[in-house]
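Undergrad: With the hints as extra help, turn the sequences into a complete structure.
Below are the chains, spelled out letter by letter.
There are 2 protein chains.
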Amino acid sequence: MPTGHVMMAMTLDGFVARKDHTIDWLMKQETQGEDYGFEEFMSGIDVIVMGSGSFRTVLGFNEWAYNKPVIVLSRSLNDSDVPEHLKDKVKLSRLDPDTLMSELSRQGINRVYVDGAAVVQTFLRAGYIEDMKVTLIPILIGSGIRLFGDLDKDMDLRLDGVREFKSGLVDLRYRVI
Amino acid sequence: MPTGHVMMAMTLDGFVARKDHTIDWLMKQETQGEDYGFEEFMSGIDVIVMGSGSFRTVLGFNEWAYNKPVIVLSRSLNDSDVPEHLKDKVKLSRLDPDTLMSELSRQGINRVYVDGAAVVQTFLRAGYIEDMKVTLIPILIGSGIRLFGDLDKDMDLRLDGVREFKSGLVDLRYRVI
Numbered sequence: 451m452p453t454g455h456v457m458m459a460m461t462l463d464g465f466v467a468r469k470d471h472t473i474d475w476l477m478k479q480e481t482q483g484e485d486y487g488f489e490e491f492m493s494g495i496d497v498i499v500m501g502s503g504s505f506r507t508v509l510g511f512n513e514w515a516y517n518k519p520v521i522v523l524s525r526s527l528n529d530s531d532v533p534e535h536l537k538d539k540v541k542l543s544r545l546d547p548d549t550l551m552s553e554l555s556r557q558g559i560n561r562v563y564v565d566g567a568a569v570v571q572t573f574l575r576a577g578y579i580e581d582m583k584v585t586l587i588p589i590l591i592g593s594g595i596r597l598f599g600d601l602d603k604d605m606d607l608r609l610d611g612v613r614e615f616k617s618g619l620v621d622l623r624y625r626v627i
Numbered sequence: 451m452p453t454g455h456v457m458m459a460m461t462l463d464g465f466v467a468r469k470d471h472t473i474d475w476l477m478k479q480e481t482q483g484e485d486y487g488f489e490e491f492m493s494g495i496d497v498i499v500m501g502s503g504s505f506r507t508v509l510g511f512n513e514w515a516y517n518k519p520v521i522v523l524s525r526s527l528n529d530s531d532v533p534e535h536l537k538d539k540v541k542l543s544r545l546d547p548d549t550l551m552s553e554l555s556r557q558g559i560n561r562v563y564v565d566g567a568a569v570v571q572t573f574l575r576a577g578y579i580e581d582m583k584v585t586l587i588p589i590l591i592g593s594g595i596r597l598f599g600d601l602d603k604d605m606d607l608r609l610d611g612v613r614e615f616k617s618g619l620v621d622l623r624y625r626v627i
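Listed in order, the protein sequences are those of chains G and W. Take any residue in the first sequence, count from 1 to its spot, add 450: that is its number in the numbering used here. Take any residue in the second sequence, count from 1 to its spot, add 450: that is its number in the numbering used here.
It is worth saying that the hints were derived from the structure and are not from the lab. Please note that the accuracy of each hint is not assured.
Given that identical chains are not distinguished, each listed pair holds provided it fits within a single copy or across any two copies.
Unchecked claim - Taking lysine-lysine pairs in the DSBU-like style, the calculated list, with each CA pair at most 35 Å apart, reads: (1) K478 / K537; (2) K537 / K616; (3) K469 / K541; (4) K518 / K478; (5) K469 / K537; (6) K518 / K469; (7) K603 / K541; (8) K583 / K539; (9) K537 / K603; (10) K539 / K518; (11) K616 / K583; (12) K583 / K603; (13) K541 / K583; (14) K583 / K478; (15) K478 / K616; (16) K583 / K469; (17) K541 / K616; (18) K469 / K603.
TA: Put into structure tokens, the structure is as follows:
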């Protein structure tokens, strides 16, 4: 089976976005010149799986951020929601995690970037996440969309590394054990 | 006015205890021989302020952990809830943060250890927390009592330092700015 890998930014109080999906609190961080290893992370990835919320967010960016195929898990979106210039880069899917991972396995996919809180939570619960890179942002926003959600049982993690940036951001790398 | 200081352990998903206040997930961490600086932190503290939930938890420990006066903020507890051997160490109070801090100021108190999620949240919102030492535990427990709560507005933090332990725990020190 392919393995799932997470790279997300989270406020100290656990949020990846405000309730309205905005990330102004992230954009205002003074991270100029700091390398969070996104390129390196992406180089080891075969395909990106995200939810419709993340898809709408990245659609709002000036540039398409991904040089790997993107699968958007959504029951509500249909092909007309994918802009013409992204039709060869983005595929919609309604598969559940098990069926999707089996299908990706058949396609020879090894490493999946699992993006967006809802999808991360689903894949964590299904046991498909191997490691997570959580970048902790030095701010409390009080409410919003939480990165982590309910679990059937505790999930122990092994710390693989910590990196502190001048901006005050902290990169935490964990392996799910 | 005195300043408030926080030292708490939190799961990566933001909890300080399960819903039933248990911290078995914390106790099972293999932290033997690791110094989290509790003694050093306490040496700079004049008084500890905690809520009734934290008070009940520390009452359950074998030994009384504090060598400084403790004020328990509670509207429900009364003097008979304080064990005889702690009557000279623990004082109950029903004061709100503003009145309590003014009162402590009159007593010449400079530094207050603010303990317990509910009290930390109240004192954060009231603007009395100067810095926080959050020890991040490498586990997801899915639900429980969150360290941080709703805020009227964002609260920017400055990272003062990070320390990684062999056990996988990570000490994060932030200043409220």
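Undergrad: Is it within, between, both, or neither for K469 and K537, if the alpha carbons may be no more than 35 Å apart?
TA: within (29 Å within a copy, 46 Å between copies)
Undergrad: With identical chains, the pair K541 and K616 could be close in the same copy or across copies; at 35 Å between alpha carbons, which is it: within, between, both, or neither?
TA: For K541 and K616, the Cα distance exceeds 35 Å both inside one copy (38 Å) and across copies (42 Å).
Undergrad: Please work out whether the CA atoms of K478 and K537 approach to 35 Å or closer within one copy, between two copies, in both situations, or in neither?
TA: within (32 Å within a copy, 49 Å between copies)
Undergrad: How would you label the pair K583, K469 (within, between, both, or neither) given a Cα cut-off of 35 Å?
TA: Both. Shortest intra-copy (22 Å) and inter-copy (27 Å) distances satisfy the 35 Å Cα cut-off.
Undergrad: Cα distance capped at 35 Å. Does K616 pair with K583 within a copy, between copies, both, or neither?
TA: both (18 Å within a copy, 18 Å between copies)
Undergrad: At most 35 Å between alpha carbons: which applies to K583 and K478, within, between, both or neither?
TA: For K583 and K478, both the intra-copy (21 Å) and inter-copy (24 Å) Cα distances are at most 35 Å.
Undergrad: How would you classify K537 and K616 at a CA-CA limit of 35 Å: within, between, both, or neither?
TA: So K537 and K616 fail the 35 Å test inside a copy (39 Å) and across (47 Å) alike.
Undergrad: Should K478 paired with K616 be assigned to within, between, both, or neither, using CA atoms and 35 Å as the limit?
TA: both (14 Å within a copy, 33 Å between copies)
Undergrad: Within, between, both or neither: how does the pair K469, K541 come out at a Cα-Cα threshold of 35 Å?
TA: within (26 Å within a copy, 40 Å between copies)
Undergrad: When no copy is named, should K539 and K518 be tagged within, between, both, or neither for a Cα gap of at most 35 Å?
TA: Answer is within: at 7 Å inside a copy they meet the 35 Å cutoff, but 62 Å across does not.
Undergrad: Within, between, both or neither: how does the pair K603, K541 come out at a Cα-Cα threshold of 35 Å?
TA: within (32 Å within a copy, 38 Å between copies)
Undergrad: Within, between, both or neither: how does the pair K518, K469 come out at a Cα-Cα threshold of 35 Å?
TA: Intra 28 Å, inter 41 Å, cutoff 35 Å: intra-copy only.
Figure legend: structure checked against the earlier numbered hints; hints not met, in rising order: 2, 9, 17.
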